[in-house]
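*Asks:* Sequence:
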Amino acid sequence: MESPTAKGTAASATPVMHGRLADKLYEDLLTWITHEDLKEGYKLPSEERLAKQFGVSRPVVRQALLRLRSDEIIISRHGSGSYIQRRPKKEFFDFAPIGGVADLVRCFEYRIALEGEAAWLAARRRTSADLKRMGDALRDMDDAVASRTVATGSDAEFHAAIAAATKNELFVSTMESLSALIFAGMTVARNLSLQMDLARLELVQKEHLAIYKAIEAQDPSAAREQMRKHIDNARTRLLTDSVEPDPGA
Numbered sequence: 001m002e003s004p005t006a007k008g009t010a011a012s013a014t015p016v017m018h019g020r021l022a023d024k025l026y027e028d029l030l031t032w033i034t035h036e037d038l039k040e041g042y043k044l045p046s047e048e049r050l051a052k053q054f055g056v057s058r059p060v061v062r063q064a065l066l067r068l069r070s071d072e073i074i075i076s077r078h079g080s081g082s083y084i085q086r087r088p089k090k091e092f093f094d095f096a097p098i099g100g101v102a103d104l105v106r107c108f109e110y111r112i113a114l115e116g117e118a119a120w121l122a123a124r125r126r127t128s129a130d131l132k133r134m135g136d137a138l139r140d141m142d143d144a145v146a147s148r149t150v151a152t153g154s155d156a157e158f159h160a161a162i163a164a165a166t167k168n169e170l171f172v173s174t175m176e177s178l179s180a181l182i183f184a185g186m187t188v189a190r191n192l193s194l195q196m197d198l199a200r201l202e203l204v205q206k207e208h209l210a211i212y213k214a215i216e217a218q219d220p221s222a223a224r225e226q227m228r229k230h231i232d233n234a235r236t237r238l239l240t241d242s243v244e245p246d247p248g249a
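Numbering-wise, this note's numbering puts 178 at position 178 of the sequence shown, and it's gapless, one number per residue.
Don't take each hint at face value.
Unchecked claim - The list that follows gives simulated cross-link-like pairs (lysine-lysine, PhoX-like), each with its CA atoms no further than 25 Å apart:
1. Lys52 to Lys132
2. Lys43 to Lys90
3. Lys89 to Lys167
4. Lys213 to Lys167
5. Lys229 to Lys206
Everything labelled a hint here was simulated from the structure, so no lab data went into it.
No experiment lies behind these values; they were computed from the predicted model shown.
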């Protein structure tokens, strides 16, 4: 007879397995949409056909499609099916970690919540030393924009300085635990921006400056809003070839 413990372990493993398969399918579908040059408005095959095409179950297909909808890659029309809404640039796959795309995108989603609150606290608790650390990182990024070079280290330092300004070690340690994913995401985003014109790099820097100014002014609500908008825009820039966030939005 199977023990209750073994039965529970087997049952709990199923969602984990489905999640891993859904992560892989999410990446496979992104690759397929991008490299097959499928246009915006293209109707995806049915769940049943996708399951057969990629050799997975329909629940796994549904999970992967849900993530694509959350990232606004596809849109569902009731009674009609799923359609491509936007497409990543092909260059995205030159820089993104193979097998880690789902985690990369998920990290941006988590950072919106985490760093939004960090910015809120930083605006209330920052010191002149904190502002200097943020300002130094901003100047380094300005130099990188001028020379059109990747400044992932300075970008990461700016966000780390904000976490430190919260005076809450949990924000610092959480950022450190995510540092590999955060650094990878920033590197992909910045390399993609380098493929575009200078205006895109300047837009990213304006977002950083808006965060800095809100923290300097000790305006917690504005700091949170600017940080959340910046990271959400970064995720958008990561995943699309056609949508440019509105700097005035």
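*Asks:* Checking against the hints above, which ones are violated?
*Replies:* 1, 3
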